Each structure stands twice: as C-alpha cells, then as structure tokens.
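S.K.: What follows is each chain in one-letter form.
Number of protein chains: 2
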Amino acid sequence: MFSAIKRFLIGRPLKSTELGEQKLNKTKALAILSSDALSSVAYGPEQILIVLVTLGTAAFWYSLPIAVGVLILLTALIFSYRQIIFAYPHGGGAYVVSKNNLGTNAGLVAGGSLLVDYILTVAVSVSAGTDAITSAFPSLHAHTVGIAIIFVIFLTILNLRGVTESASILAYPVYLFVLALFILIAVGLYKVATGAVPPDLHAPIGTPIAGVSLFILLRAFASGSSALTGVEAISNAIPNFKDPAPKNAAKTLLMMGGLLALLFTGIVYLAYYYAIVPNAEETVVSQIADKTFGRGFMYFFIQGTTALILVLAANTGYSAFPLLAVNLAKDKFIPRMFLIRGDRLGYSNGIIILGLAAIILIVAFQAQTEHLIPLYAVGVFLPFTLSQSGMMVKWLKEKPEGWVPKFIINTTGALISLIVTLMFFLTKFQQVWSILIFLPIIIFLFHRIRKHYDAVGEQLRIAAEQPHVPIEGNVIIVPVAGITQVVENSLNYAKSLSADQIIAVYVGFEREEEKAFEEKWKKWQPDVRLVTLYSHYRSIIQPLTKFVDTVEHKASQHNYRVTVIIPQFIPKRSWENILHNQSSLLIRSFLLYRRNVIVSTVPYHLKK
Amino acid sequence: MFSAIKRFLIGRPLKSTELGEQKLNKTKALAILSSDALSSVAYGPEQILIVLVTLGTAAFWYSLPIAVGVLILLTALIFSYRQIIFAYPHGGGAYVVSKNNLGTNAGLVAGGSLLVDYILTVAVSVSAGTDAITSAFPSLHAHTVGIAIIFVIFLTILNLRGVTESASILAYPVYLFVLALFILIAVGLYKVATGAVPPDLHAPIGTPIAGVSLFILLRAFASGSSALTGVEAISNAIPNFKDPAPKNAAKTLLMMGGLLALLFTGIVYLAYYYAIVPNAEETVVSQIADKTFGRGFMYFFIQGTTALILVLAANTGYSAFPLLAVNLAKDKFIPRMFLIRGDRLGYSNGIIILGLAAIILIVAFQAQTEHLIPLYAVGVFLPFTLSQSGMMVKWLKEKPEGWVPKFIINTTGALISLIVTLMFFLTKFQQVWSILIFLPIIIFLFHRIRKHYDAVGEQLRIAAEQPHVPIEGNVIIVPVAGITQVVENSLNYAKSLSADQIIAVYVGFEREEEKAFEEKWKKWQPDVRLVTLYSHYRSIIQPLTKFVDTVEHKASQHNYRVTVIIPQFIPKRSWENILHNQSSLLIRSFLLYRRNVIVSTVPYHLKK
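For the protein sequence lines, the chains are A and B, in the order given.
Per this note's numbering, the very first residue in the first sequence carries number 1; after that it's consecutive.
Per this note's numbering, the very first residue in the second sequence carries number 1; after that it's consecutive.
For the record, the hints were derived by calculation from the structure and aren't laboratory data.
Note that this is a predicted model, so its numbers are computed, not measured.
Possibly wrong hints are sitting among the right ones.
When chains are identical, the list treats them as one kind, so a pair holds in a single copy or across two.
[Stated by the list, open to error] Straight line, CA to CA, 27 Å or less: simulated BS3-like cross-link-like pairs of lysine-lysine:
#1 Lys-515 / Lys-332
#2 Lys-554 / Lys-495
#3 Lys-607 / Lys-572
#4 Lys-330 / Lys-608
Only chain A is shown next, with the shape it has when bound in the complex:
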C-alpha cells in the first residue's frame, strides 16, 4: 500500500539511462533557479526604506544612491559568478571555490552556511508567500503555519517527481511575475513622464537631512542587499544544465542579473517618485500597484504573482540543496546517503531532509519571516565573501592572460560582500549571533564524519602483505524456546552445515520449568547438547550473551568461528508480527552489534 501511494505521488521509477532527459534548457533553468533572486525585489526595496524612514520621509532620496550601491554589488556578483561558472564547470559554487583556493575549512564554512541557508530559503520564501496570501484573505490568517507547511510538502513532492517536471509547472508563475512587474514599471514610468503623478510628492535628490550618518546608510545598504540572496544558485547547479552546461549557465546567469537589475531599479525609482512610506499592513509593491492601477485586475494580478513567486522561490532551495549535499558527500563530510538518486533520479534524501528541516523552522518561528531574514542574509553573504576571496587567490596564483580585470571584479565583490556581512553582525547582532555558535559545531561534525569515513576506508582496504588466517572450524549455538517445528527446522539446518559442535541453549525463568524442559529435550534430540540458563531478571538476552561470550572466548583461541542460529517463524500476514514478541530480532541486533559472532536467521514461514 505504501508503495502504491508513493507511485501516485512520485510517479513511476525512471531508469538510470533516462537521466539525460531530465537536464534543463536555459528557459526552464531561468525559471527554476532565478525565482529566489527575482522574488527578492518584492521585499528588497522595502528593506531600504524601512531603515531610511527612521530619518524621516525626506531622507528617501538616499534610496537612489543606495540602490546604485546594490546594483554595483549585483554586477560584481554576477560577473564574479560568471567567472566561477567557467572556472568550475562541475558546479559546487562557494563550497568548491573556497575549498580549492582558501583551504578545506573555508570551504566548509561556506558549505555549512549554504546548507543552512537553503533551508532558510525555503522557510523564508514560503512564509513570505503565505503572508501575502493571508493578507489577501484575512480569514486564513489563523492558519498561516498550516498553509506554509502544506506548501513545503507540495514542493517536496514536486521535487521528488523530478527536476524537469517541476520546471514545467514552475516556469509560468515566474514569467508571469516578471511580466506583471514590467507592466507595472512601464505604466508607472509612463505616468511619471506624462505628469499624471504629481512631481512634488518626493523630496528632491540632495535634500540635506538631520542625523544622517554613514552607519545608517550602510545599514540601509545591507538591508537592501538582502534582495540579492539566491544569485549563487545557478553556479551550484551547472550539472543540471543541458550541454554545453557552463555556457548555458553563464547565459542564464546574465539574463537573471539583467532582469533583477531592471526590476529592482524600477521599483526603487517608482517608490521614490511616488513617495511610498513603508508600513506593516501593506507592502511597497502593493502600494505602487495601488497608486498606478487602483484595486482592479492588474493590482490583483501583481499581488497574486508576487505571492506565487515567493512560494516558488523556495524551489531554488530544492534545486541547490541536494546538489551541494552531493558535493559535500563526495568529499565525505556528510553522510553517504545524500549521493543516492531516488526513483525519479532526483537526490531524494536531500529533498526530503530539506523539506523536513524547513517545516521544523516554520513551526519554530511560527512562519514569521522578519525574524529569519537577517540570519538568512548572513548565511548568504558569508559564502559570497569566501567564494570571491577564493577567486582572488586563484587569479593571484594562476595569473592567466588578462587576469587583472578579473581580479578587480572579484576583489570588489569580496570587499562589498564582506562589508555587508559585517554590517549585519554590527547592526543586527541579536538576530544573527546563533550562526557564530552553529557554524563551529557543524564544521566540527563535518570533520568528525570525514575522519570516520577515512578510518573505515583504511580498515576495509585489503593489504597484500596481510597474512591469511583460515578458519579452523565452526561452533553453532541455537537458542531454543520450546520443542516446535521452528526449532526442528533450525536444528536440521545446523546439522547440515557440518559444524564441529552444535549447542542448543534454553533460557528459563523458573527452576522447575527448566528441569522439565531438559528431560523432554533428552527424549527428543538426544544427540544435540542442551545448555539451560536461569534468568533472574526475566531477560533472555543477558544470560544468552554471557554464554555466547564464554563460547566465543574459547573458540577464538583455536581460530574457530561462532555462529548463532536463530529460529524464527514468519507469520503469513505482516500485521500478525505484533502478536509475537520479537525476541529473535532483539537477540540478533544485540549479538551482531556487540559481539563477534555470526548471526544466522532460519525462517519458518507459516502457511496460514
């Protein structure tokens, strides 16, 4: 039944050779990998105004130079990541770049931050999208957390179905959103040009403001640059592109950067010209749309696509998280299970764990985005800084032809990213301190896991010089619970193995019962030695283990192996298992994990 539900939700399994069909073309890739970055224009400009409003509305003209700063940062990031795509065509982004150029620990800082960040991407985007919906339909407000969780589950299932299929569904909303905002900006600018908007609403550029300081301006800049989260997704997902993958990825990156720049500039400019004041009830985009179109079809079209793209932005996380996990797992820093492709060729374990972690975050933070965004931004700009510093080192080391402009691009990017990161720690320490505790822990775990895998590999390797010690003989122990077909079946098997000794062991809870059993046994199996053990604490495992230890100790001296044969009857229907005490399962796990004996289970299948 479980597998039928799985089929319905996930679809039929795909053969490994069908992998090629799942690769992305540029149009679909733009939709899948850009929704996070593009959706940020829904809140990025607002973040700038929220800081500036503390100086008064006259200070809003500062949003224009700040936006220029963000655009410079964006340009630096886009060109830097374009260079990374060609330098690292197998993907990996910040993790691979930092690891190769700055050393393992820098790579792990970047990788660790990004892993967490993709979870935050899902949690933040879905929560923000849900907020947009519940703002439109206030009666749903009480169910915010539930709705957000449903969206996460929906996205998880989509992604388990496979990347291309998700893309077909997800491409439309992204393009509709871009279309909606372009119409908004175009009509808005037309109204500005024709004078339909009074030109005296906003304070002119250069108006002197009391109390303005570099600190506040940098803070506004840092807040605004939270709109650039998601820019790195493409460089992590190059293997998902159709061939030639790096070229297609680079083109997609440039398209995305261009769209993001246009939308961001348009929104910031209109917000300034319309003199929009941010408030908690209505978003800046909603206010611009309202002033441009009134509350008609276009208004709801813009709001609807905004809500949709925010929810789908979460999908960036679903594309990027499993691929980053694969890179980390290949380097043995996280469990191997992230390497396994599922029935539909996606990395199912990564997708499922991302979904679960996002749900936990949503529940813990009650789907309140404002508490998550600063942490989210730091988790993005830390790897930005590291990957671009890594590129700096790379150019300095390799010095290929024409490396100087490339070096300058990456240096600019690294410096601005570093400043943004530091600004978050300086101005929002209360919300981001946890990353300072969390990162060392995760990096410690990465190293711990790597150390384990290395140790295992070392121990499993077959060394040529190792002397081969053959096994001299076998001792078989059969725990028996009564005189039944199951036991007979197991004893017959034991006898067929031509072992040197077979010992049946019976654990009794009462002295008389023990004696009675011994006598019955003598009549039934006179040729098999029976050992009875008395259990003080009604436990079978304790006395049995003690006995096995004794036998094993003696056997190992003569290079004999000890096999414990466990008779087990298997009911016809699996629900019937709860009617039987699973002693054999317990005995098996206990002996196998703690003792050096072979555990063999002889099934006796019941016929009714």
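Position chain B against the provided structure of chain A, taking the given hints into account.
M.R.: Frame of chain A; chain B shown alone:
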C-alpha cells in the same frame, strides 16, 4: 543514555524472586484500589441533582429515595463481588466470571468493555481532577489538556516503578480525602442538629411535584449510580494482595463499601438539607464545604484533597488494566506482550499502552469530562450485569449448600445493573451509541487474534508421524559491494561451512563498472564464482531477489537449502551507523520475510 534515563525514572531492575515483596497489605490496597470508587462521591450526588433540577428545586427531596436505591445497588454489588472473590480467588472479575458461566463471547463483551473502561477511568478522573485545580486557579484554565497529560505521564512512571512504591505515595491523599469528607459531614450534621442551619431551606419529603415521572426518576438514579464505578477493581486485583489474598481482598472490599456508603449518604443528605442547587461554576461538594466552613483552611483542604483523589483515582485503572490484560493474553485474545513483566515486575506494556490511550482520549475530548462519563458508566454496568448474571448461572448449576440467598443477592444486583445499563441507552443514547459499534469490532479482533495463535500453535506442533526429510546440501550466496576486508571475511566464513556451492553476487549500476569489477575479481578470488547483475533502477534488492529466487527454485528441487551470507561492517560507535547506507539490513529483512532462504550476517567490527 536511554537506559540511564530509564534507570532514573523507573529504578533498578528487580529479580523475579522479589515479586512477593511487591504484594499489598489491606491498608495500602484500600488506598490503591478504592480511590476510583471513593472519588465518585465528588460527582455522584451532583449527577442526581442535575437531573432533578429540571423539575424544580422542590423536587430535590427525591434525591433521598434515589440515594437509597443507589445504596441498595451498592450493597448488592459489594456482596456479589464478595462472593466472586471467594469463587474466583485468582482474580479476573467480570471477564473470568462471565466467560466461565455465560460463555466466551459474554466474557469477551465484559473484558472488552472493561479494557476500554479503564482507559476512560484514567481519562475521566484525571480530567475531573484537572478541572478542580483549574477552577481553583483560573489562570491555569487555558492549559487544562496539558496539565491532564502531565498527570497521566506522572502516573505512568509511578506505576512503571512498581505497585507498592506507588501505594506509599498514593495512600496519603486517599486517607486525607476520607478524613476531610468525614469532618465535613460531621460538622455539617452537628450544625444541622444544633439548628445552625435554618431547617426551612429545603422542601419537605413528600412534597408533590408537577411533571414527575418514573422515567425522570430512573434517569436520576442511573446518573447517580455512575458514582459506583470502580467497585469491581478489587475483585480483578486479588493476586496483588498479600496472602491469604481472597480473605484480605474481601475485607478490603467491605471496608471500601462501608466508606463509600457513608460518604455518599452524608453528601446527599447535606446537599438536600442545605438545599444546594447544582451549577456549572461550583461543585456540590464545594458549595456544602463553603456553607459549612466558609472559604477558610478547611474549604481549601476539602477542595485540595478532592482534586488529588480524582487524579489518583486514575490509578485504579493502572492497577486493574494490566491484570485484566494478562487474563485476556493468557487466553490468547490479545497480544502476548501483555504477559511480560518489566524490570520492576509490573506489566510494563499494559501500563504504557494504558497511559498512551488515556492521553489520546484526553486530547480528543479536550479533557471535557461531561462527554466521557455516560460512556464510562455504560462500560462499567455492562460487565456488572454480565458478571452477576454469571454468578446466577453458577449458583443454579452448582447449587452448593445455602445457595438461595446468594442467588437472590446476585439476581438483585444483575437486575438493577441491567436497568441502569438500559437507562443509559434510553436516556443518553447520543453519548453512548459508539459502544455498540466499538464492542463488536473489538470482539471480532479478539477472535481473530485467538484464531491466529491457535493456527500458529497447530503449525509449530511436532507431529510424531511426520516424515523427517534431511537437508541434502547447501548453496551459499554472498552479495558483494567491492573488494574489501568485509567481503573477504564473509567469503572465508562461507568457505569454512563446506557448502556445495558458493556464489558471489555483484549488482552494478553502470556497464563499464561491472566489467572492471569482474576482472578485478578474477585476480582476487579466482576460485569463487562471481555473478554480476545490472540494475536499471539503482535498486540492489530487486535484481538480487530475482537471482535468489532462481537459485532457490533449483535448490529446493534437490532438497538443498539456500543461505544468503551478508557481509556487514559494524562501526565502533552506534551513531556512526547513520553514515552508512543500511543496505545489508534492507536486504536481510526483505529476503527473510518474503523468501524461503536463510539469512546470515557476518559482522566485521571496526576497531576505530
């Protein structure tokens, strides 16, 4: 770590021979087994008044004859159960009595009702106790469900620690409650006698009332008799008493009956004399206490002990449920696991399942007692009726000396119990219909389980005439994932078993990889045959199972056995298991449960 927590909560394990020390003396038994019945006086009288108030306060004098009816019922129950204790000294109560005298199905109806009823005992009592607390401290009202759940968890842990230890803790509140109510009744009666209470508050006995009908009076009687729930607990728990168990149990039963009668009569009389009107905000007992003492120390003492005894009444369920479950499990109607004594000699599985079920009920009904009480009462009076009918049949069949008065006692009890049961169905059908659906289902399950156990027993039995077919030989299959120490270890073991054939099986996901492996194998283990299987869907189990099926089919024709030897390396620390794909575990479970092959796991313990 888990076992350390368990030790802390539950205490050290006890030897089976320490069982005697855990037996109850009369004083402790009275406290443990009577709290349910005694606590009922906190709400029993109120239930009568709630029905009568529909006729007007002048009708309250009817509470006195109705109380007499309840007392007659109580007397009949007490004497009937006294006879049951001596007739069935090994406990079992309604289940055993009904089964032995009326047949299996009657027994199962009684047993099924009681099993559910003990869960309701816990849920109702804990909820009522919590209500008493939250009434005293209204700020806690929002947390009713949470508090109730904490109480259930607390009681579960207490009972897992063992019966006697619980008793030491639980004895005080019960006796304090009895003391508190005796003081209340004595002082109340003193005030009545000295004329401190105006004698004209209540309508005199015999005042004619308009609209009175036998139906309403019977309904009031049925409601009032919900105060007798819990009377049967002692007869179910005879094995828990110190020797001579039946005599001690009978004495305890009489003591409990006497206490219950005195408290019940006193409360009903004072309520009538004080002309207490039941209301939703304040209980009847609280009103009497208020009028007698005012809101001073004695008032809070009475309210506090009432709340405490209600919570502890739930403990009756913890004493009775596991013992009834043992009786049902011995007769193979419920899973065998209820027979196992835990570390502290209590029947842990019964205790834990009771606690979980009660928590589910509390959450489902949001700790609202009023919706649970009718179901609870029906679940009690159904087995009352059955067990006393059973006793009637017993006397008629056996006709021992002086059986006529005994027969009359049981007949009276049976008739009144039947009337009460029917009254609940007639007057509160909306709240009790579910038992008519639930009981047939549970009885069907009982029979289903019994049938399974019987079938298993039949199949496991060794028949003398059965021909013995010896195993002719062994084929060993070793799934291998690479060329490692683990595989070598397993192959050495396989070779030592002198099997007729050893086949290594490799499942490849890519064609080239397969070829490369075959060549490496030829150099490494030229004497072991290697079969490589190609997996289209990245699954190891599917191709492996298909191969095992082929081999098994051929082997079984020659009476050969197939053993699948699974190489498994065991990490040193158990957390490290999540770092490795548990393929061997999956393969093992799959083959063992679905195929007729022996599965042998060869552990390779890592040293670091």
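S.K.: Each hint should be assessed against the structure and marked as holding or not.
M.R.: How the hints compare with the structure:
Taking CA atoms no more than 27 Å apart as the test, Lys-515 paired with Lys-332 passes between copies only; the shortest distance there is 26 Å, against 56 Å inside one copy. In the homo-oligomer, the alpha carbons of Lys-554 and Lys-495 lie at most 27 Å apart both inside one protomer (21 Å) and across protomers (21 Å), since each shortest distance falls under that limit. For the homomeric pair Lys-607 and Lys-572, the shortest alpha-carbon distance inside one copy (6 Å) is at most 27 Å, but the shortest distance between copies (40 Å) is not. Proximity of Lys-330 to Lys-608 under the C-alpha cut-off of 27 Å is restricted to the inter-copy arrangement: shortest distance 22 Å between copies versus 48 Å within a copy.
Of the hints listed earlier, there is not a single one the structure fails to meet.
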